[in-house]
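Q: Residues per chain are reported as follows:
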Amino acid sequence: MTATIYDTPDDALDGITDGVRVMFGGFSGAGAPTNLIRALRRRGTRGITGIANNIGYGDFLVELCEDGQLAGMICTFATRASVALRSRFDEQLARGEVTLELTPQGTFAERIRAGGGGLGGVLTRSGLGTPVAEGKTTIEVDGETYLLERPLRADVAMIRAQRADRLGNLEYRGAARNFNPVMATAADLVIVEVDEIVEVGAIDPERVGTPAVFVDRIMQCPRIPVPFR
Amino acid sequence: MTAPQGLTRELIALRVARELRPGMVVNLGIGMPTLVPSHLPPDHGLLFQSENGILGLGAVREGGDGYGEIDPDLLNAGGQPVRLALGASFFDSATSFAMIRGGHVHTAVLGGLQVAANGDLANWTVRQDGGGSIGGAMDLASGAQRVIVAMEHTTRDGGSRLLERCTYPLTAQACVDLVVTNLAVIAVEAGGFVLREVAPGVTAAQVQAATDAPLALAPDLREMAL
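As given, the protein sequences belong to chains R and H, one line each in that order.
The first sequence stops at residue 1131 when you use the numbering used here, and every number in between is there.
The second sequence stops at residue 230 when you use the numbering used here, and every number in between is there.
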């Protein structure tokens, strides 16, 4: 149950195979596991289904489109109206080379929470009467209609935190937590990049954002600067 | 007939700002809504929620503003570096959307592509092929206590953005409470659109001509005080 410490992002991806389903933490650039995304690119893994809030919005996930490593995305932000701002992912989507499942952001968070927490789904009003609801079951509870949204899980979650102790307890910072804590609960293998790995006990238990039980691999690595908008 | 120009984007934001009261928790969507804070007094007493996990969002930071390095862990939902207000807090995305869906956000100010007379909102895509970006819009539109839409009254081609029924894919059904455009302030009530205020120099007849649904006139219909 102690996390394994890896020296490089490339080593931390040991065992990942083609066709993998990966959750990536982060919202825009904050809290995205950019070193792990670049390592996945170098590794050449193909047929990746990505589960992330955004692609092509200050994140590095579009780099997985350069050589066609990405098979599809489940996300909330994917394409832009402006042709000038279209990402490589959007171009590939237009050509039918990748798939896209768009989901409302709150629903996205709760589906992952359900997947990580052993729940069979989420009932929400978000998306009712919209294209998101097409083909989905609605359920009435106490006179209110809700959309049934299914849980999301992944083979691997790649996330970022500020610090990890050697046991795998994680401390987050600022707006960089976003989807990282929920994603840490919802994958078979959880790989974390951090600014700093510290001794057990160095993180105040009050400040642990993700308890070590959820974490498999940790890797300390300097941040790759993310472009701001 | 060409619609009059009416308010600038900044003046639309100013009019929206007048809807906000101290103590409210407010989420501002991307686009025109982000102009609202610059029209509030310094002691506005609002808490701005940013769905990426901040309650108590401060101003957007410009690069090289003399306050040191920009903090990469402190961005708003649009990916811009920001400051914090006194009393700010951070939280994860599940907590953020519990705030939004659970009705803890008083007012969401959202951009719009189309608003229908029944309160339906379309603001996330013009495409019918499933492409687009939803972000937090569906949760905000259906979860906030009050939804204000800030948008231009007509498209560049002169088509109305206020319609009997939306033609673009919906964001949420029957969610809009108030629409502030360059021409008017329009409430969405059970019977449809109610014209409350017109922009300076704009007549009710001109607003109706630019609207593809019937407008009822509010008993106290007046010109906007800006």
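These aren't lab readings, by the way, just hints derived from the structure by calculation.
Be aware that one or more of the hints could be misleading.
As the list claims (entries may be wrong) - Chain H stretches covered by chain R per the calculated footprint, using a threshold of three residues with CB under 8 Å from any CB of chain R:
{"hint": "1", "stretch": "25-36"}
{"hint": "2", "stretch": "73-81"}
{"hint": "3", "stretch": "192-199"}
As the list claims (entries may be wrong) - DEER-style ranges, computed between Cβ atoms:
{"hint": "4", "chain 1": "R", "residue 1": "Glu1101", "chain 2": "H", "residue 2": "Thr12", "range": "34 to 40 Å"}
{"hint": "5", "chain 1": "R", "residue 1": "Pro1113", "chain 2": "H", "residue 2": "Pro204", "range": "32 to 38 Å"}
{"hint": "6", "chain 1": "R", "residue 1": "Asp1044", "chain 2": "H", "residue 2": "Pro204", "range": "36 to 42 Å"}
{"hint": "7", "chain 1": "R", "residue 1": "Ile1126", "chain 2": "H", "residue 2": "Gly35", "range": "26 to 32 Å"}
{"hint": "8", "chain 1": "R", "residue 1": "Pro1113", "chain 2": "H", "residue 2": "Pro218", "range": "56 to 62 Å"}
{"hint": "9", "chain 1": "H", "residue 1": "Asp161", "chain 2": "R", "residue 2": "Ile907", "range": "58 to 64 Å"}
To be verified - Computed footprint of chain R on chain H, listed as stretches where at least three residues anywhere in the stretch have a Cβ under 8 Å from a Cβ of chain R:
{"hint": "10", "stretch": "132-141"}
{"hint": "11", "stretch": "155-169"}
{"hint": "12", "stretch": "215-226"}
Idealized CB from N, CA, C, for every residue including glycine.
Q: Each hint should be assessed against the structure and marked as holding or not.
A: Evaluation of the provided hints:
| no. | hint | in the structure |
| --- | --- | --- |
| 1 | 25-36 | violated (count 0) |
| 2 | 73-81 | holds (count 8) |
| 3 | 192-199 | violated (count 0) |
| 4 | R/Glu1101 - H/Thr12: 34 to 40 Å | 58 Å, violated |
| 5 | R/Pro1113 - H/Pro204: 32 to 38 Å | 59 Å, violated |
| 6 | R/Asp1044 - H/Pro204: 36 to 42 Å | 48 Å, violated |
| 7 | R/Ile1126 - H/Gly35: 26 to 32 Å | 29 Å, holds |
| 8 | R/Pro1113 - H/Pro218: 56 to 62 Å | 58 Å, holds |
| 9 | H/Asp161 - R/Ile907: 58 to 64 Å | 59 Å, holds |
| 10 | 132-141 | holds (count 8) |
| 11 | 155-169 | violated (count 0) |
| 12 | 215-226 | violated (count 0) |
When held up to the earlier numbered hints, the structure conflicts with 1, 3, 4, 5, 6, 11 and 12 and fits the remainder.
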